[in-house]
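Here the protein sequences come in this chain order: A and B.
All letters in the first sequence, in the order written, are residues 1 to 426 by my numbering.
All letters in the second sequence, in the order written, are residues 1 to 577 by my numbering.
Don't take every hint at face value.
[Stated by the list, open to error] With a straight-line cut-off of 25 Å between C-alpha atoms, the simulated SDA-like cross-links for lysine to any residue are:
#1 A:K318 to A:A277
#2 B:K525 to A:Q217
#3 B:K525 to A:G208
#4 B:K525 to A:A216
#5 A:K318 to A:R242
#6 A:K71 to A:V87
#7 B:K525 to A:V87
#8 A:K98 to A:A86
#9 B:K525 to A:A212
#10 B:K525 to B:A109
#11 B:K139 to B:R413
#12 B:K139 to B:R286
#13 A:K318 to A:K71
#14 B:K525 to A:A213
#15 A:K318 to A:D151
#16 B:K139 to B:I90
#17 A:K98 to A:D324
#18 A:K98 to A:S300
#19 B:K525 to A:D209
#20 B:K525 to A:R218
#21 B:K139 to A:R218
[As the list claims (entries may be wrong)] Computed footprint of chain A on chain B; a stretch qualifies when at least three of its residues, placed anywhere within it, have a C-beta under 8 Å from a C-beta of chain A:
#22 489–497
#23 530–543
Honestly, the hints are just simulated from the structure, not real lab data.
Heads up, the beta-carbon is just placed ideally off N, CA and C, and yes, glycines get one too.
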Amino acid sequence: MRIRSILDVTMSGEGVIRRRMFLRTIGAGALALPFGSLLAARAEELRARRKACILLWMAGGPSQFETFDPKPDHANGGGTPTIQTAVPGVRIAAGWEKTAAALSEIALIRSLTNREGNHARASYQLHTGYLPTGTLKHPSLGANVAAELGDPAVELPHFVAIGGPTQGAGFLGAAYEPFAVLNPERPPANAVPPVPGERLERRLGLLGDLEAAGYAQRGGADRVRDHQTLYRQTAAMVRSPRMAAFDLDQEDATLRDAYGRTPFGQGCLLARRLVEAGVTFVEVRSNGWDTHTENAERVSRLASTVDPALATLVSDLKTRGLLDSTLVIWMGEFGRTPRVNPRAGRDHYPRAFNAAVAGCGIQGGQVIGATSPDGTEVTDRPISIPDLLATFCQALGIDYRRENMSPVGRPIRIVDGGTPVSELFA
Amino acid sequence: MCERVLRVACVVAVLGGSAAAQNAATVAERREALAIARDLRALAESVLGEDQPPEISSNTPVEQLLARLGRPAARRESPGLEPADLDRLIEAAQLARGEQPAPRLDDAAWLRRVYLDLTGIPPTPEQIAVFVADPAPDKHARQVDQLTASEAFARHWARYWRDVISARATSENARLLNFDTFEQWLTQALLENRPWDAIAREILTATGDATESGATALVLAHTNNLRVQPAELAGEASRIFLGIQIACAQCHDHPTDRWTQRQFHELTAFFAGTAVRRPNREQPLRRVVFDRPGSPRHGLPDKDDPNRTTPVAPRFFLDGSAADLPRLTSAQARALAASYFTGPDNPWFARALVNRVWYALTGQAFYLPIDDLGPDRNPEDPEILDALAEAFTRSGYDLRWLYRTIAQTDHYRRERPPARLRADALFDALVRALDLPLEGLAGRVGRNNGNTAPQVPAAVRGRFSPRQLFTTLFQADPSLPEDELLGTIPQALFLMNGPQVHRATTAGPRTLLGRMLPQYPDNAKLLDALYLRVLARHPNPEEQRIALDYVRQVGNRREAFEDILWALVNSAEFLNR
Numbered sequence: 001m002r003i004r005s006i007l008d009v010t011m012s013g014e015g016v017i018r019r020r021m022f023l024r025t026i027g028a029g030a031l032a033l034p035f036g037s038l039l040a041a042r043a044e045e046l047r048a049r050r051k052a053c054i055l056l057w058m059a060g061g062p063s064q065f066e067t068f069d070p071k072p073d074h075a076n077g078g079g080t081p082t083i084q085t086a087v088p089g090v091r092i093a094a095g096w097e098k099t100a101a102a103l104s105e106i107a108l109i110r111s112l113t114n115r116e117g118n119h120a121r122a123s124y125q126l127h128t129g130y131l132p133t134g135t136l137k138h139p140s141l142g143a144n145v146a147a148e149l150g151d152p153a154v155e156l157p158h159f160v161a162i163g164g165p166t167q168g169a170g171f172l173g174a175a176y177e178p179f180a181v182l183n184p185e186r187p188p189a190n191a192v193p194p195v196p197g198e199r200l201e202r203r204l205g206l207l208g209d210l211e212a213a214g215y216a217q218r219g220g221a222d223r224v225r226d227h228q229t230l231y232r233q234t235a236a237m238v239r240s241p242r243m244a245a246f247d248l249d250q251e252d253a254t255l256r257d258a259y260g261r262t263p264f265g266q267g268c269l270l271a272r273r274l275v276e277a278g279v280t281f282v283e284v285r286s287n288g289w290d291t292h293t294e295n296a297e298r299v300s301r302l303a304s305t306v307d308p309a310l311a312t313l314v315s316d317l318k319t320r321g322l323l324d325s326t327l328v329i330w331m332g333e334f335g336r337t338p339r340v341n342p343r344a345g346r347d348h349y350p351r352a353f354n355a356a357v358a359g360c361g362i363q364g365g366q367v368i369g370a371t372s373p374d375g376t377e378v379t380d381r382p383i384s385i386p387d388l389l390a391t392f393c394q395a396l397g398i399d400y401r402r403e404n405m406s407p408v409g410r411p412i413r414i415v416d417g418g419t420p421v422s423e424l425f426a
Numbered sequence: 001m002c003e004r005v006l007r008v009a010c011v012v013a014v015l016g017g018s019a020a021a022q023n024a025a026t027v028a029e030r031r032e033a034l035a036i037a038r039d040l041r042a043l044a045e046s047v048l049g050e051d052q053p054p055e056i057s058s059n060t061p062v063e064q065l066l067a068r069l070g071r072p073a074a075r076r077e078s079p080g081l082e083p084a085d086l087d088r089l090i091e092a093a094q095l096a097r098g099e100q101p102a103p104r105l106d107d108a109a110w111l112r113r114v115y116l117d118l119t120g121i122p123p124t125p126e127q128i129a130v131f132v133a134d135p136a137p138d139k140h141a142r143q144v145d146q147l148t149a150s151e152a153f154a155r156h157w158a159r160y161w162r163d164v165i166s167a168r169a170t171s172e173n174a175r176l177l178n179f180d181t182f183e184q185w186l187t188q189a190l191l192e193n194r195p196w197d198a199i200a201r202e203i204l205t206a207t208g209d210a211t212e213s214g215a216t217a218l219v220l221a222h223t224n225n226l227r228v229q230p231a232e233l234a235g236e237a238s239r240i241f242l243g244i245q246i247a248c249a250q251c252h253d254h255p256t257d258r259w260t261q262r263q264f265h266e267l268t269a270f271f272a273g274t275a276v277r278r279p280n281r282e283q284p285l286r287r288v289v290f291d292r293p294g295s296p297r298h299g300l301p302d303k304d305d306p307n308r309t310t311p312v313a314p315r316f317f318l319d320g321s322a323a324d325l326p327r328l329t330s331a332q333a334r335a336l337a338a339s340y341f342t343g344p345d346n347p348w349f350a351r352a353l354v355n356r357v358w359y360a361l362t363g364q365a366f367y368l369p370i371d372d373l374g375p376d377r378n379p380e381d382p383e384i385l386d387a388l389a390e391a392f393t394r395s396g397y398d399l400r401w402l403y404r405t406i407a408q409t410d411h412y413r414r415e416r417p418p419a420r421l422r423a424d425a426l427f428d429a430l431v432r433a434l435d436l437p438l439e440g441l442a443g444r445v446g447r448n449n450g451n452t453a454p455q456v457p458a459a460v461r462g463r464f465s466p467r468q469l470f471t472t473l474f475q476a477d478p479s480l481p482e483d484e485l486l487g488t489i490p491q492a493l494f495l496m497n498g499p500q501v502h503r504a505t506t507a508g509p510r511t512l513l514g515r516m517l518p519q520y521p522d523n524a525k526l527l528d529a530l531y532l533r534v535l536a537r538h539p540n541p542e543e544q545r546i547a548l549d550y551v552r553q554v555g556n557r558r559e560a561f562e563d564i565l566w567a568l569v570n571s572a573e574f575l576n577r
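With the hints as constraints, model all of the structure from the sequences given.
Here it is as structure tokens:
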């Protein structure tokens, strides 16, 4: 799978060589070029620009009708007008004008289908690929990706969650737990030492000396070693120049405005800065999508923060040459009922809902799957949750069938039973 | 059948043989005839010794139900195992492996361990001084007796079980569950030394309002949208009380154990009639657990189409008898399940508990992970496990006896692998070491930091005390192996840079260090007092040399001792027991 991932997307010093180019190189000069050494060179480059993932999580379950699968010709559409996009023939709900303009980079999936209609359980499932069980905590996609792709040379946490809680590392353990940032415009809590750097150094030296002379001699040698590792990591993070990634003030005000001066918009900007600084997986949470009442108005308000953030994130990544190595995902735990309820809301509906993906080899501008005119059924290309997560892994060059050992020695696949949606990579 | 024949015979005898006579009888006459029939039946039974049990009905009380099904009652006998007996078994096991006993701890180190193990609170410098100075040879045993009878012991272990349940809760609102009531209820039960089977039974059969009935916590931990998830409940009950992870067989037969998918769903069927309702709309967070009327209904999912199920009746997977159970109500089914779980004929109930307590006190486990036992696993030191589990069963599941017997061994006075303090214990240790006011740890501990910020409505957030905010950041699942608990970056950041720890390690007018600096003008004495306070021991000569050199090098006494105090609370030793 490592080799596959190199074949999928290979890097050059400046940026990205398209897969086709690489294949052409091999096709033209396969005999002249020692294949092994080429792969070795590519592997070196791959390490230099690792893949990363930004998950935009629409907590509560976004309505497909007011986002990317509108039904203007049916009563179930709720009268939401549609707009043209950069892709001829593809229309999305009004309120997503900036995303519409960027749609040639973004693929829409309109045929997700699932059975879980409970927030916590579906959130767990969309994050981990598994339904929750008491006996086993599954690692979320973020933890799996951090474990598979995290660069040990980067002092920042490999998995950062912005704007609220998410699923954790489960049985993968503390090393892959998400590092939480509630407010993207403030540095992470306790990351700034209350004493001058010199004095912190001195303290850490004293701590190391005392531990070596004391606890390490009293049966705690292993504990001291692990503890010193953690403190070295933490101190390295605190001192790392990469911590500047958390400082949004270093960004151009125009760009900050483009993302939107909202917690979510600034969270997306922080996500880009973190990925640029070497973080592997960033999740940014947008709250409030559980629109049981006043669905249209509330989604329209939410779109006014998510639309500019999503579109700017994709174009910003593209401008910086990061889009080819960064997978951007927009999704929530389920969709919403086709029927608008008496309180002008929509309720939970996992049977047919949508998501959007961009970057990392995803062919933008296409629509995968379709739903019936009334939006109640998937009529074309049903995609299950394991299919979706397997697709993410494929894009990131991770073998989604790889097994991790659970604490009771049960092998648990990263994704169980899904098949990647190959059309997305066409 | 017998009753019907008798009844007809009596009616005939009293009213005369002809049908016409019977039809003509008044209601009063017929009633009298039936009364005579009942008496006659009682007479016949007493004369013939006929002991045909009447059918089990929905009205049969639980005690009668269990007796009629031949369920054994718990034993309440002398356990017949003393700490010295346990030591002999441990020595024999070590000898067989060619191991030497570990070196003995000194009194101060032993005292810190026994306090932290049993109560989660470190001893004060005064308590250490008194204990070390005590010449009595039985002072260790007395200390164990005193601690196991304390409220701190009860509370510490109530929190342990609270964490066992909450760490694996599958409820949609797991963070909102009111575990306070559970903690209060179990603290009281442990303080009374209520037997472990009685506690387990209360949890497995709990009903009532969650704000009053703490034992409902396990059911509510596996309730979604007011719907109890019986499969989760059954799987967790088995993992927690028996250490058997039969839930792995939920979707297919267990890959490494003997359990089948059918057995798992038969276990689930016992809990399928458990239900939860909201008593009124005004209090949306209130929950009442009850048993649905009628029999529990549960289906075994079809292997090919999970939407299709075939009904399964309750049956306990460890019960060897092939007989079908009678038709039971939901309440009866749960009561019977509790009897199967906790009965003295089920060795896994005692083993699972003994395994957890042994691990917590000795750092070694018969089975690891500590919640993965069962007939297809090979325990370490089976002789020790069997002796402890059998004696614990004989004792009638006497928890205090178990803790005491282990903690009073000579083995317990020897070095063992370190174990990380649980979040509550660490909170108490910090409060003691730094003399913090409880509010000192409030603020943004768990809100702007860590991955565990509680996602709660503002109205509920007030419920989170400084302790809860702190433990949210430091919490860990007690069922996980100790060596997997290594601490996280946010935890390290909290101790390294957090304003609360920073303030309390600064020598200010109102801080501990501010008071101690003038109180101990001699640097060595001050160092000694700080070590005792934070690590419950004296510094060794090398540590003393390093620290006093440090004070000289820094050239600022106040600053140097701030650094030393910071280093002590940031040390691995402080975080471990």
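Which numbered conditions among the earlier hints are violated in the structure presented, ordered from lowest to highest?
-> 7, 12 and 13
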